[in-house]
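A.B. asks: Going down the list, the sequences are from chains A and B.
Just so we're aligned: 20 in the numbering used here is position 20 of the first sequence, and the numbers increase by one with no gaps anywhere.
Just so we're aligned: 40 in the numbering used here is position 40 of the second sequence, and the numbers increase by one with no gaps anywhere.
No lab work stands behind these hints, which were simulated from the structure alone.
Some clues are possibly wrong.
Derived BS3-like pairs (lysine-lysine); straight-line CA-CA distance at most 30 Å [claimed, not checked]:
#, chain 1, residue 1, chain 2, residue 2
1, B, Lys57, A, Lys42
2, B, Lys9, A, Lys42
3, A, Lys49, B, Lys9
4, B, Lys71, B, Lys9
5, A, Lys42, B, Lys14
6, B, Lys71, A, Lys42
7, B, Lys70, A, Lys42
8, A, Lys69, A, Lys58
9, B, Lys70, B, Lys9
10, A, Lys58, A, Lys42
11, B, Lys57, B, Lys71
12, B, Lys57, A, Lys49
13, A, Lys68, A, Lys49
14, A, Lys49, A, Lys69
15, B, Lys71, A, Lys49
Here are some of the chain B residues that sit facing chain A, going by a computed Cβ distance under 8 Å [stated by the list, open to error]:
#, residue
16, Leu99
17, Gly101
18, Gln104
Ranges between beta-carbon positions, derived for each pair [stated by the list, open to error]:
#, chain 1, residue 1, chain 2, residue 2, range
19, B, Gln17, A, Pro40, 23 to 33 Å
20, B, Ala56, A, Ser9, 24 to 34 Å
21, B, Gln72, A, Ala53, 28 to 38 Å
22, A, Met83, B, Gly40, 17 to 27 Å
23, B, Thr15, A, Gly16, 44 to 54 Å
24, A, Pro40, B, Tyr95, 24 to 34 Å
25, A, Ile113, B, Gln72, 31 to 41 Å
26, B, Ser67, A, Glu15, 42 to 52 Å
Where a beta carbon is used, it is the ideal one built from N, C-alpha and C, also for glycine.
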Amino acid sequence: AQSVTQLDSHVSVSEGTPVLLRCNYSSSYSPSLFWYVQHPNKGLQLLLKYTSAATLVKGINGFEAEFKKSETSFHLTKPSAHMSDAAEYFCVVTRDSSGGSYIPTFGRGTSLIVHP
Amino acid sequence: NAGVTQTPKFRVLKTGQSMTLLCAQDMNHEYMYWYRQDPGMGLRLIHYSVGEGTTAKGEVPDGYNVSRLKKQNFLLGLESAAPSQTSVYFCASSYSGSLPGYEQYFGPGTRLTVT
Chain A
1 AQSVTQLDSH
11 VSVSEGTPVL
21 LRCNYSSSYS
31 PSLFWYVQHP
41 NKGLQLLLKY
51 TSAATLVKGI
61 NGFEAEFKKS
71 ETSFHLTKPS
81 AHMSDAAEYF
91 CVVTRDSSGG
101 SYIPTFGRGT
111 SLIVHP
Chain B
1 NAGVTQTPKF
11 RVLKTGQSMT
21 LLCAQDMNHE
31 YMYWYRQDPG
41 MGLRLIHYSV
51 GEGTTAKGEV
61 PDGYNVSRLK
71 KQNFLLGLES
81 AAPSQTSVYF
91 CASSYSGSLP
101 GYEQYFGPGT
111 RLTVT
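Next up, chain A with everything else stripped away, as it sits in the complex (with noise of 0.2 Å):
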């Protein structure tokens, strides 16, 4: 079975310091996992995704995550955080059904708040 946990349920930051956003993941294969973004009362949007290729991945608005499997961690990290950062952020890994889908298994989501 596959399942993803993400650490914190809320980080607080001061605009313009280090984002680090943390999620374990477990997996019986070599999983593909993603990050998503939900700006209040909006959908989601897809940040960045890892498929087996470069470990180091880099997403849009300044994001990116490293897939280390050693560590079984895809943590999503930002070197400067700005106002609108501020949001709600899932981690998901796919596991595979028993029909042959590989279905999305979200995290419970991490809420980000930027200070001034």
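Position chain B relative to chain A; hints supplied.
C.D. replies: Positioned in the frame of chain A, the structure of chain B alone reads:
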């Protein structure tokens, strides 16, 4: 392209009433999904569809039914609404799901309140 659209955006139901949520996508995607989002729970999969005419249960299917009569539409039905179904519902689609790397595209959500 409109992407993924959901109808309605808001709805208030009384306990026991029924309703149908409509999801439409114009990207010719094979897979479609219905999720519910509750505070602190992330997104939980209700049902999904791997193609026209096929559906499957997700993590929390009880109290919901779905249909995919046309490739571009995925309907979510509540036959007898309960207060526990108060939630924000999101529809998503992906080009495929037969390989693990395809991202999902999400609709804007439907906020449902059951009193």
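A.B. asks: Going through the numbered hints above, which ones does this structure break? Give me the numbers in ascending order.
C.D. replies: none
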